[in-house]
Each structure stands twice: as structure tokens, then as C-alpha cells.
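Asker: As a plain string of letters, each chain reads:
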Amino acid sequence: MNQELFTINNLWMMVATILVFIMHLGFASLEAGLTRAKNTVNILFKNTIIPAIGLLTYAFIGFNLMYPGEGFAGGFIGFTGVGISLPEGWNTFAYNEGYTFFTDFIFQAMFAATAATIVSGAVAERIKLGPFITFSILYVGICYPIVGMWKWGGGFLDALDTPFYDFAGSTIVHSVGGWGALVGAFLLGPRLGKYTEHGMRAIPGHSIPMATIGVFLLWFGWFGFNGGSVLSADPGTVSLVFVTTAIAGAAGAFGALITSYIKFRTYDITMVLNGILAGLVGITAGADLMGVGEAAIIGFVGGILVVLGVVFFDRIKIDDPVGAISVHLVGGIWGTLAVGIFGDLAGIQQVISQLIGIAVVGAFCFLTSWLIFFSLKRSIGIRVEEREELEGLDINEHSMQAYPDFAPKD
Amino acid sequence: MNQELFTINNLWMMVATILVFIMHLGFASLEAGLTRAKNTVNILFKNTIIPAIGLLTYAFIGFNLMYPGEGFAGGFIGFTGVGISLPEGWNTFAYNEGYTFFTDFIFQAMFAATAATIVSGAVAERIKLGPFITFSILYVGICYPIVGMWKWGGGFLDALDTPFYDFAGSTIVHSVGGWGALVGAFLLGPRLGKYTEHGMRAIPGHSIPMATIGVFLLWFGWFGFNGGSVLSADPGTVSLVFVTTAIAGAAGAFGALITSYIKFRTYDITMVLNGILAGLVGITAGADLMGVGEAAIIGFVGGILVVLGVVFFDRIKIDDPVGAISVHLVGGIWGTLAVGIFGDLAGIQQVISQLIGIAVVGAFCFLTSWLIFFSLKRSIGIRVEEREELEGLDINEHSMQAYPDFAPKD
Amino acid sequence: MNQELFTINNLWMMVATILVFIMHLGFASLEAGLTRAKNTVNILFKNTIIPAIGLLTYAFIGFNLMYPGEGFAGGFIGFTGVGISLPEGWNTFAYNEGYTFFTDFIFQAMFAATAATIVSGAVAERIKLGPFITFSILYVGICYPIVGMWKWGGGFLDALDTPFYDFAGSTIVHSVGGWGALVGAFLLGPRLGKYTEHGMRAIPGHSIPMATIGVFLLWFGWFGFNGGSVLSADPGTVSLVFVTTAIAGAAGAFGALITSYIKFRTYDITMVLNGILAGLVGITAGADLMGVGEAAIIGFVGGILVVLGVVFFDRIKIDDPVGAISVHLVGGIWGTLAVGIFGDLAGIQQVISQLIGIAVVGAFCFLTSWLIFFSLKRSIGIRVEEREELEGLDINEHSMQAYPDFAPKD
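Chains as they are written, first to last, in UniProt numbering: chain A, 1 to 410; chain B, 1 to 410; chain C, 1 to 410.
Chain A extracted, bound-state conformation (with noise of 0.2 Å):
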């Protein structure tokens, strides 16, 4: 190591992590755009404070619950205490390879924020804009950076014999975002009218624009998410993470869109955008690993899978705006099991790995989240009034509207 790689090491994770802050407002424009209007500065809302929850709450705690360091290794939880102390050596190589303290503190905490973000598209439309604070402070705060801990924090899903292997996160962080989602959707139950005695009702989003918006900064900034996963600026993995990115996003879009024409004969945009997302969260965890024609396969299959994961989660009752938990839950589950099918890891003791991965993150995210939110559910109560819901969050939890001076259809 010399200073000349380690400065161009820090300065490819510091242009990481501003890609990776502009997937929130990804985040934010897509789940604006697939719900209706009268919720729009609702959601908005959310999506600007769940980022700042994020860096705070990541400097408060969640970097030393995430890096507890080596006399935690192995384990399944470990705290250094609150608030960020510089280490020897923070700003030179001696402290990383790759980047100083600071790059390292500053890049985790950019995706910490997201698994909150997640939530949000699930949930919106009809939940309490209070609890979810609640809930986001402290998913983000504490559930994230535990389960962090265990794989990138050293922790036991590393120290498997075959460790558990999630490059970027499609486990880590993005399942992790989907079970909260999966869990907040369930307890508040569908928004009124989308399931009907004569059947499930689509309630559009307002604006396709905004979607489409969102769906390419998050593709932009997920050159960051899984670029800067590499932790440093090495040509040959980055560049090749840069491709199978790129190519699992396209042919996602692809997937989506073979399958939802074959079941609406219709050409879909949100699937086909949902498709690209899918095929994003595929990729993440075996980003490093897959070849051109592996990356469109897993990206491909996303696709698929996430038009098939709308269709289910509607048949089950269970309602979710944008499409989050077939994004991010389903993609994420398949992502993190193609590491053990595709790839240079691909064999059996892999797909265990794997399995394990998925199963102890999901048991630990499912129980978390389903305490969250029926403690709150219980207590303060995290749905809506039924006027409330009728007439719009804005209007009843902000006393705004996100488009004043335009008329509403009827």
C-alpha cells in the first residue's frame, strides 16, 4: 500500500457514497410515484427524515453495534458505546486499505437508512406518520446494524465454516428492509377498497414520471451500492461489478416484462421498472463473483420473480403499494441463494451457507419488526382513521397538499 492508491481507494468510496445518498431520493420519487397524490408529501416526508434518522442514529449507535471490532468476532452482538471516538491512524492506511475512518463510517451509514426506506413503500398510504418514526429510529438504529454485525461485522454468519457470502447486501440489507415491510403491510392490513367482494382493485400510482425518476437514480446510485462494496478502487473487481450491474438491471426490465406481458398482455411500465429493481437486488449479493451471462440470468429470473411476487401478495391479501417486498424480500432471497447456484462460490455447502443466511436475518428481522409494530399498534395504534385514509395523509398529518394548484380528477 502506498498514499497514492490509498487516496484513489478513498476517493472512489467517498463518490460511492454520495451515489448511494442519491438512492434516497430514488427511493423517495418511486414510492411517490406509485401511490396516489393525496399521500404524496406524506411519503416525501418520510423519505427526506428517514435518511437524516439514518446518519444520526448511525453516529449515535449503529456504527459501533455494526463494528463492534475483533473482541466480538464470531458473535452475534457487540456495542463499543455511543457516539464516534477517531481511532489511532484514522486518516492513513493504516487504519484501512481503502479509505480512512471517516470514508468508512460515512459510506455504512449512507446505506443503513435504506432498510427504513423499504418499509416505507409498503406501508404508505394508510400508516400513522408517528410510529413509523418510531419504528424507522429504531429498525435502522438497532435491528440493522445487528444483523449487519453478523456478516460484514465479522460476526457469526461470517465465521461459518462456509461463511455466508452477501457482497453487497441482499440479504444484509435489502431482505432486511423487506421483512419490516412484509411485517408493517400485514398488521396495518390492505389500504380501504383494494380488496373487495368482487375482487382485488389496482390503485394506481399518481405519477409514472416520478417513478420512472426514481427507478433510474436508484439504479445510478447501485453502481455506488455494489461499486463501492468492492472497498476500494480496484479496476478489474470494480469494473466487472460495474457490468454484472448493469447487465442484472437489464435484464430484469426484460424479465418483468416478458412475464407481465404473458399475464396482462399489456406493456407494464411499474413492472417493468419493479423488473429492473429486482434485478438490482438479485445481483447485489454475488455482484463480485458472476459472469456477463450469469448477471442476466440472475437478473432475468429477478424479473420474473417480482411480476410473480405482486401477483402472490395481492392473492394473499396482503397490500403493498409499490411493490416492495417482491423487490426486495423475493429479490433479495434469490439473489442471496444464487451465490450458492451460480458464480465462484456455486456448490452445495454454499447454498447451505445461504440458506442459513436467509433463514437466521429473516427469524431475527420478522420477530423484531412484528414486535415494533404491534407494540406500537397496541400502544399508540399505527393505522390511520378511516376519514383520515379517505381523504389523505397530507391533509390530515401535515395540513398540505403536495399539488395545490391542480385539479383532482372528480
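Derived by calculation from the structure, the hints in this document are not laboratory data.
Warning: the hint list may mix true and false statements.
To give an idea of the interface, some chain C residues facing chain B are shown, with a C-beta separation under 10 Å as derived from the structure [as the list claims (entries may be wrong)]: (1) Asn42; (2) Asp104; (3) Phe406.
Quick caveat, the model's predicted, so the values are computed rather than measured.
The C-beta atom is built at its ideal place from N, Cα and C for all residues, glycine as well.
Using the hints provided, position chains B and C relative to the given structure of chain A.
Answerer: Frame of chain A, contents of chains B and C only:
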């Protein structure tokens, strides 16, 4: 060459890659903004699926058509097989001093889809989806890389005594798209109600904010499009290219503002936006050859030409809803010629070579896009039915609306 | 210094340059979102033409006014001629260890336009286009670089015994814009119907999504604004600046959220958005001097101040449609003072120097912007006619509508 410089160069090329990627969101936003709300889903669908097509076809055949290797130097066409195969030393500076094989591929792949994106704007609001997708696959997958090979793959335009010069693609990228746009718009005919017996009727785009977002994102991405075309992070050249790119865009805004004010006596923001783009297209061929003053002149003239172009094409009743032909074809020809008139290579021999390049590329693109569009027109048809056009493509091709919560005017 | 580090440094400065560039889209989106639909084309027009003005005037005279060279060290004004002339060794580390001459120019040029963009929000919905453009050219082309020279060009504020400190421009950039905004808003008077005999009437912005997109893009770009102001890719300093920038923005969100909830008993997203910006403006002067806790305090107080500022300026009937004065002037003064209160330079001497800088810059900007706006008011007039204001500037100044396909409310 050493590992440090190689890593820096590769890093810049990867950053440039994602900047070019986000240009696709720029095109999507611009084209959606400049067309009507009833066709917005359709436009966004096309601009979302085109990058996916570009990435996949480029991996499948495009890259090997565009860079067939030394055996085809000076040639017209070459091909080394389907799919991506890694050469020896692909991730070292033995492959290339500026980037790895995968960086090479992904940077070029991001360019590829641009050609079809440009077309999509000119044929908007009346083309059938299936034929457009077919055209895009063929044009992006085959025609674009063949033209690209002529110059960037070491083909015959690069082998002229005075080599044709096109730094980042005024001709190779933008006019390739522009010719397809011209042919498509001509063969489709104008939108219903555009040219009546009472003269030309303006059909305003439905969202100036989206158009503005689009142009800013395109300008943003252009720093990667032109800056990445340096093919290294060389401080002097890349910073020069940044300056010429910025100045030409700014001067294009003023060229169009002044020209449109003189012609129409109003401050027309769509002309200013297209003026910026025309300035950028104009500087693209010689962004590394010009000084600040020359960049300003090239951009300013580009801005003038785009206004005159829009007026001209309306006069000959070629209906281009977003002005793509004026921006990319007129601007591309201007920029390519400008290399012979201004800057380091100026001279009569260079003008001749530039004219040869413009003519040969033009003839090839005109013929191939005519062949594709005309075959489609005669077989499955390329234009939606009158009723569908009046109702909008969103309802008829996608069974969706872009803004279902808002009341349309009238 | 060696070629490798020079190339890395220059690369980061170029990336930072395009991050600052995209802030102009951030301003455009934010200001358009927080004003009414009938004035949207006008706002976007101004925010599109301002960066063009900034780039061209900075090339023509601004750069040479702001960095007149050593002969003017400690001075009040200097100028070395019109246009860009390349110094010897401009593209080597002989020119500068962090960047080439052209990188120097383009990074600074991207900053320049910011001053006028800030003004544009405060004077929105009632200023005539011509006079605003005139003001912008003079303010960006002349006033801003003179102030910039006082500190960054080695002028008298940099030569104080305890030098005035302003890392990335809380005073030099943001308050320069803020003073112009204050003067412009005052001389124009409030929008019709804003302050009536029945009290202040809220005039909500027409698109919360656009405002949200704007703030995220500004935050995104701020990593380049502050991070690039390190003037090299030094891993320790840039990563520290990233952390303080991120934390201050996040804390600003909470400062404004809590304050506005206490005052208005509602979750006001526009206050949260402006709170983020005020946190960012606040940290800008000392982003390289603070720890995590100090950044959080500075951001949090910025968030409080922006809410109090909005209330205050409404009380004294200075109508600022987007809150620009509270964000950039109040936030800028707070951030500049904070350098004397917190962090590495804290101390009474520093407070005094900071106060001197605030006062001198304030006096100069107040006077020059008064002079420009007042001359324009007395000559060609600065305010549109009552009828034009009521109908909207889009129809009257641009003969266009931003959203022609949608029905306005009422």
C-alpha cells in the same frame, strides 16, 4: 504506466460511465416533458427499455462489431463472435493504459443506447411500440456499432490520409441518432392536427419542469460523455474538455435565446433548453481541440442552428415533437464540420475528411434506418390508429395513465 | 507532489465541479416547487439561464477579478484583463498541487452562478425578466468575484491578523446571494395578496415533489461544494468534510422539524427541506474544522434559525416565496459565526474576524445590490404589472404554460 495511474484512469472511466448512464434519464425526462400527458407512459417506457436493449445487445454482438480488433483495421465491418470473452490481462494496464476490459465494454455500452433514444423523441406520440422496439434493437445492436467501428474501432474513416476526427461522437453518436430520427419522422408523417390548412399548430409539451430536469441531467452526464472520451484521467485534457463542454452549453443557451427572441419575440424556454443541447452536441466532435473562445463560438452557432432547424423542419412538415433532428443531426453536422474550421486540426484537408465522414455515415444511417422503418411500415405497420393517437398511446398501448389523479384540461 | 497524486487530486476536483453543477438543477427544482404553477416556466427559465451567465461572465471577467494574483494580495480589488489566458505549466502540478488551471477555473465558475440563483427564489413570482437578467449579469459577473477575492483571492479579509475564515462560502457565496435576495425582495415588495389586512396568507408552492427533488440534489451537490473546497483529494480532510456535511444536513432537518412542530403543530415538509439546507449552509464555513458533534449542533441550530427566520421575515413583510433569505443569509451568518464558536479555530479573536467579514461583505452586497436593483426600478422598472402577476409570469413573459395539459384548481 504504473498501477497507480492505471487505477486513477480506470476510476475516472467508471465515473464517466455512470454519468453517461444518467443521460438516459435525461433523455427520458426531456422527451416526456416536451410531449403530451396522454403519451407520457409510452415515452418513458421506451426510454426505460432502450438502455436495457443497448446494454444487452452490446454485450451480445455490439461490442464485437464495434471493436473487432486489428485484423479489421481500415475496414468497413468486422466481427469476432457473439458474447463477451475476456482477453488475457483484461484487468491490467497490459489491456489498456486507461481502463480494464470491462470498463471499456461498459463505457461503450452506455453510449450505444443513445442512438435509439434520440430517435424516440422524433417519432413520439404516434409510433407503435412493437415496431419501435424492433427498430431500436436493430439500430442499436447492428447499425450503431458498425458506424462506430469506422472511426473508433480503427475502420476506414480512421484510416483516411487525414483521418476523420470525431472526439466523442457528434457524428458517430448524435448524427447516427439524428438520421434515424429524420427517417422515422418522415415515414411516420406528422401528428394529427400538427400541419393544417390554417398552418402549423404548436403542440406544447406537457411538463416544462420535466424538460428542464432532462436538459440539466444531459448536461451533467455530458461531462462524462465528453470527459470520459479522453479515455484516461489526464488532468490537462479532461479539464480542458470540461471547460469546452461547459462553455459550449452555456453559449448554446444564448445562441438559441437571442435567435428565438428575434424570430418569435418571446423568451422560449424550450428553445433555450434545446440550444444548450445543440451547443453540447456541437462541441462533442472537437471538445479536446478547442479553446474557450472557440468553444463559445461553436456552442453559440449550435444554439442559432437549432432554432433555425426547428423552423425549417416545420416548414417542410417533418414533425419532430422534441426537436431531436435539429439538436442531434443539425448540431452533429455542425460540430463535425467545426473540427475543420476551428481549433488544433483546422484546415481544408480536415474539412474534406469531416465532410466525407458526415456523408458516409449519413448515407449508411439514412439507408439502414429507411430499410428498417420501411420494412416495418409495409409489414406490421408503424403508426398507431387515428383513434389511438387521439386518445393517447398510454391508454391504448399500456392501459395506463401517467397522472391518473389529475383532471386533464378541457 | 508527483504525477499520480496530482492526477487524483485533479480528478476529485473535476468530479466536485460537476456535483456543484447539478446544484443548479437543485435550485431550479426547489424554487419551482415552492412557487405557483403559473410562474413555473419563468422560474425555470431564470435558473437555466443563470448558470449560462455565470459560466460566460466568469470566463470573460469574473475569474480574473476573483484571482488577480499576488500583486493584489491583501487588497480590495484587482483585475488582470478580459478572458482566459493560460499560464505556463497550467496542466501540471507546477500550477497547483490540486488541479490544473482549467479545473481551477471551472470549479470556481460553477460556484459563481450560485449567488444569483439564490436571489432568484426570493424575488420570484413578481420580478420582470429583463431586469432580473441584468441584475444577475452584474451581480455574478462583478460583485461576487470582488467579494470572493477578499478571502479566496488573497484579499484583505485573508490578510487580517486573525484571518477571516470561510471554508466553502457560508459568507462568500451564500450570504452574498442572501443579501441580494433581501434587497431584491424588499425593493420589489410582497406578492399581491400575501399580506392583507386580515394578516399573512400562506401561498403554497405548486409541487412538493419538485421541492424535494431540489433539496436532495442540492445536498448531493453539496458534497462537491464542500468536499471540493478541500482543493485536493486528501483522504482525511475530504472524508471529514463529507461527514460534517452529511451530519449537519441531517441535524438541520430535525432542528427545523422540532421548531416548526412546536410553532405550528404540524409536520411541515417545506420547513424540513429548508432546515436541511440551512444546516448545510451553516456547516459550509467550517466543514473542515468541526467534529461530528459540533456539526450536529451547527446543523441543528441552522434548522431552528431557518424556521424563526421565515416567521420573522413574514412579520416584517418581506416576502420571500422560497425562504431563501432565511436559508442563505441567516444560515450563512450563523455558519460564519460558528467558526469562531466551535471547532479548531474557536476563540474570541476569530469571532471578531468573522464579524468583520460578515459586516464588510454584508455592507458591500447590500449597497451594490441596492444600487443595481434601485437603478433598474427607477429606469425600466423591476416589477411586472398587477394583471401580469395575477395571470402569471409564464403567459405574460413567455407565452407558455408549464403544464398545458392539466386543469388548474378553481
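Asker: Which of the numbered hints are not met once you compare them with the structure shown?
Answerer: none
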